[in-house]
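Chemist: Listed below, chain by chain, are the residues.
Protein chains: 2
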Amino acid sequence: MPATPQTIFVAVIGVGGVGKAFLPQLHHLSQRLSQANPPTDLRLILARRSNKQLFSESWQPLNIANVLHDLDQVTQPLLPLQETIDYLATAPGKVILVDNTSDPTLANSYPSILRKGISVVTPNKKAFSDTYALWSDIFSGAANGTGSASGGYIFHESTVGAGLPVLSTLKELLETGDEVTKIEGVFSGTMSFLFNSFMPVGGGSGGKFSAEVTKAKELGFTEPDPRDDLNGLDVARKLTILARLAGLEIESPTSFPVESLIPKELETCASGDEFLQRLPDFDGQMEELKASAAKEGKVIRFVGSIDVPGQKVKVGLEKFHASHPIAALKGSDNIINFYTKRYGSNPLIVQGAGAGGKSRPWG
Amino acid sequence: MPATPQTIFVAVIGVGGVGKAFLPQLHHLSQRLSQANPPTDLRLILARRSNKQLFSESWQPLNIANVLHDLDQVTQPLLPLQETIDYLATAPGKVILVDNTSDPTLANSYPSILRKGISVVTPNKKAFSDTYALWSDIFSGAANGTGSASGGYIFHESTVGAGLPVLSTLKELLETGDEVTKIEGVFSGTMSFLFNSFMPVGGGSGGKFSAEVTKAKELGFTEPDPRDDLNGLDVARKLTILARLAGLEIESPTSFPVESLIPKELETCASGDEFLQRLPDFDGQMEELKASAAKEGKVIRFVGSIDVPGQKVKVGLEKFHASHPIAALKGSDNIINFYTKRYGSNPLIVQGAGAGGKSRPWG
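Residue numbers (the working numbering), protein chains in the order written: chain V, 1 to 363; chain R, 364 to 726.
Keep in mind that the hints were calculated from the coordinates and are not lab data.
Among the clues, some could well be false.
Simulated crosslink set (PhoX-like; lysine-lysine; CA at most 25 Å straight-line) [claimed, not checked]: (1) V:LYS330 x R:LYS457; (2) R:LYS661 x V:LYS330; (3) V:LYS341 x R:LYS693; (4) V:LYS94 x R:LYS457; (5) R:LYS677 x R:LYS704; (6) R:LYS534 x V:LYS171; (7) V:LYS20 x R:LYS693; (8) R:LYS383 x V:LYS330; (9) V:LYS20 x V:LYS126; (10) V:LYS298 x R:LYS545; (11) R:LYS578 x R:LYS661; (12) R:LYS682 x V:LYS330; (13) V:LYS20 x R:LYS534; (14) V:LYS319 x R:LYS693; (15) V:LYS298 x R:LYS693; (16) R:LYS383 x V:LYS341; (17) V:LYS314 x V:LYS330; (18) R:LYS693 x V:LYS330; (19) R:LYS693 x V:LYS182; (20) V:LYS171 x R:LYS383; (21) V:LYS319 x V:LYS330.
Bound-form chain V, shown alone (with noise of 0.2 Å):
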C-alpha cells in the first residue's frame, strides 16, 4: 500500500491504562475512515512503552488489533525517542504522535514536535500545566495555535474533564465572541467521591473524613498514596490549562491559592499507609467544617475556580446550597459550570463522570 494525501500516519507512546482503552479507539476510528468516500487510511506505524518499541520503519500499516502482543515479542534495545521522533519527520504524509503517558520530558519536546509538522494528541496535562514560558512555546509552534502554518496540530481536549467536552465547549464559547466571566465546578473524581459521600446532600450517612478516605481508597477511587489526590495539584493543574484558555496568563499551578487537605504534620510521612493511619487524629477540623455549613443548610465540596475577568484562580473548598448543581452531584461525577454573558444567571453545565481508561473509575 503506497502512502497517499488520504493517508495519516499514527504514532503511540504509553501503552499503559490510557493506552490500552485507546488502541480499540483508532482501531475504530481507522475502519470507519476506511470506509468513508474518500477513505482515509489511518497507519498505526509505532507503538513505544517505557523499555520496547515497534517501528514500522517502511511506513506499512502495523497491525493495531495484534500490536500489544507484538511488542512484547520485541527483542532489539530501545532507540532513542529523540531518534525515532527524527525519523517519524520523515514520514511520506502528516503523522499524529498520541503521547498516552504522563512524561514531563516528553511533554517538553511538545514545541520541537510540532515545529517539525508532527501533530500531537495528548491527554497528559503536564506539558499544558507546566510553566507558561511551556505552554507558550507550544502554542507559537502550533498550526492551531498562535503559531507557524508549517507546525503541526495540538489537541488536548481530555486534559480536563477526560471524555467530557470541557475544552471545546470553553472554546466555541470564545471563537464565537461569548464572554466567559466565571469557571466553576468539581474536576476530580476522587474528590467528588470523597465530598459526596462525607456529607451528601440532605444529610445522611457521611461517616468522618479519614474513613471516607480509606474506603475511596479501597474502592480504587484514590492515586496508590492518597496524598498525591489531598494535596490538590490535580485539580490545580487542570484550572492552569482551563484558565490559560480562557486567556489568563497563569504562571504555574502553584501560582495561585491552592488548598491541601493534608494536614500539616502529615505531609512528611513516610508512605501513604502511615499517612492513613494518622488522619483520625484530624477528623476534628473536618467535623467542625460540616457541623458550620450544615447550620447555613449546605454542604463542602472541593472545588476550582476561575474568575475571568478578575484574573483571579482557586482551588479549595467551598459551601454550596442544597439546591446548587454542584451540591447534588453524584458518585465520582465531575461538573463544570460556565457563566458567561450570553448564557446569564444559569450557566452552561457539563456534568459527568471524568473517565479516562475502562481501568479506573474515573480519571
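Following the hints, position chain R against chain V.
Modeler: Below, chain R without anything else, positioned relative to chain V:
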C-alpha cells in the same frame, strides 16, 4: 482583494431574530481569522431576506457591520433564489450558505445546494426533521455525510439545544466507539419554564396550569400562539434529529408517540387568545396529575427520550424523583442526558439555556 485559497465566501439568508444575532458573531469571527497565521479571508457576499437581497457579484466583501442598513437601501427586484444559488456555485473559492430562516422550500433544496459544492450551516430544524428520504438525500450529497467528496459540508449543531454542545457530543461518543443506550431530556425552553413553574421541586408556589401558560406567554416564553409549543411538535422535531444521528431510521416527527398538551376540545379554537381563555376549564386534569406525582415524591416534566437499542422514541409528560437532574432544572434551561456503555449508570449531562438569538430568552 483577489480571492486566494484562504478565501471563504459566506452567503446569509434570513436576517430576522437569529440572523441579527448571527451577523455580529460572523463579524467577530471574520476579524479573528483575518489575524490568524496564515490569515483566512472570510467574505460576506450575500445577505438576503424575504423581499430583498444584497449580492456582491464581483466577489468583493460586503461590509458586515453595515449590511442591514445597506440591505434596506436596495431597490432592485429580488432575484429568484435558484438563480442566486446557481451564481454562488461559480464563486472562485469555497462557499458557505448560512440559512437563518425556517423556510421549508430552502430546506428542501439542501441536497442540490450541497451537490453544487456549497456548504450549508443552519439552525433550521425543518430539513433534518422532515421525511427520512430528505435526510438521506442531504447526507448522501454532503462531504461529511455518507456522501460524495465533491459535495459541500453540512452543519446543523444548533438545531437541537441551540448553543449547547448536544449534537457534537453525541457524534464524538459514537465516533470514538461508545454505545449510546438512552438519551433523555428537556428540549424546549418553553416546556422547561412551564413545568419548573407549575411544579417546582420541593413543592411551593406553582399556580394552575392555564395561569402558568398565560404567564409564560406574557413573559415572551411561548410562541405567539402557545399551542405551537404545547402540541409537542418542536420537541418531536429535535428528537427526530437526535435519534437519526444515533442511527435510528425515524420516518418523521409524527411516526412515534408525541403527547400534546392541547385538550382535544381546544384544537379548533380560532385563535391563541380564545385558547387561553378556555384553557382554565381543563386545569382539573393537570391538577390530578400533579397530585398523583406529589404523592410519589416526584414532579412532572415534559421530556423526550430515545431508547437506542429498543429503537423507541417518545415525547410527553413523565414523573421524576426530586433528586433527578431533570427535576432540578431551573428557569427555561434545557437538559440532555446521554446514557452510554462507557459512562455507566450516571449519564453525561449537558445543561443550560437553549438560547437562540438575543431577542428571545430561549430557543
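Chemist: Are the hints correct? Go through all of them and say.
Modeler: Consistency of the hints with the structure:
1. Distance restraint check for V:LYS330 and R:LYS457: the Cα-Cα separation of roughly 47 Å exceeds the 25 Å cut-off, and the hinted pair is therefore not satisfied.
2. A C-alpha spacing of about 19 Å is found between R:LYS661 and V:LYS330, which places the hinted pair at or below 25 Å, so the restraint holds.
3. Between V:LYS341 and R:LYS693 the CA atoms are separated by roughly 18 Å; this keeps the pair inside 25 Å, and the hint holds.
4. Under the criterion of a C-alpha separation no larger than 25 Å, the hint pairing V:LYS94 with R:LYS457 is consistent with the structure, at around 23 Å.
5. Straight-line distance between C-alpha atoms of R:LYS677 and R:LYS704 comes to about 21 Å, which keeps the hinted pair within the 25 Å bound.
6. Restraint check: the Cα-Cα separation between R:LYS534 and V:LYS171 comes to about 18 Å, which is no more than 25 Å; the hinted pair holds.
7. This hinted pair does not check out: V:LYS20 and R:LYS693 have alpha carbons roughly 40 Å apart, beyond 25 Å.
8. Among the hinted pairs, R:LYS383 with V:LYS330 is inconsistent with the structure: their alpha-carbon atoms are about 40 Å apart, more than 25 Å.
9. Proposed proximity of V:LYS20 and V:LYS126 is supported: the alpha carbons are some 20 Å apart, at most 25 Å.
10. The straight-line distance between the Cα atoms of V:LYS298 and R:LYS545 is roughly 33 Å, outside the 25 Å bound, and the hint therefore fails.
11. Note on R:LYS578 and R:LYS661: the hinted pairing holds, with a Cα-Cα distance of about 24 Å set against a maximum of 25 Å.
12. With a CA separation close to 20 Å, the supplied pair R:LYS682 and V:LYS330 stays within the 25 Å bound.
13. Only pairs whose Cα atoms come within 25 Å are accepted, and V:LYS20 paired with R:LYS534 is accepted, the gap being roughly 22 Å.
14. Our distance criterion of 25 Å between C-alpha atoms is met by V:LYS319 and R:LYS693, whose separation comes to about 20 Å.
15. For the hint pairing V:LYS298 with R:LYS693, the CA-to-CA distance comes to about 19 Å; that is within 25 Å, so the pair holds.
16. Simply put, R:LYS383 and V:LYS341 have alpha-carbon atoms about 17 Å apart, close enough for the 25 Å limit, and the pair holds.
17. Simply put, V:LYS314 and V:LYS330 have alpha-carbon atoms about 23 Å apart, close enough for the 25 Å limit, and the pair holds.
18. Using a Cα cut-off of 25 Å, the hinted pair R:LYS693 and V:LYS330 holds, with the two alpha carbons roughly 19 Å apart.
19. Only pairs whose Cα atoms come within 25 Å are accepted, and R:LYS693 paired with V:LYS182 is accepted, the gap being roughly 19 Å.
20. This hinted pair checks out: V:LYS171 and R:LYS383 have alpha carbons roughly 22 Å apart, not beyond 25 Å.
21. Of the supplied pair hints, the one linking V:LYS319 and V:LYS330 holds, its CA atoms being roughly 16 Å apart against a limit of 25 Å.
Comparing the model with each earlier hint shows violations of hints 1, 7, 8, 10; every other hint is respected.
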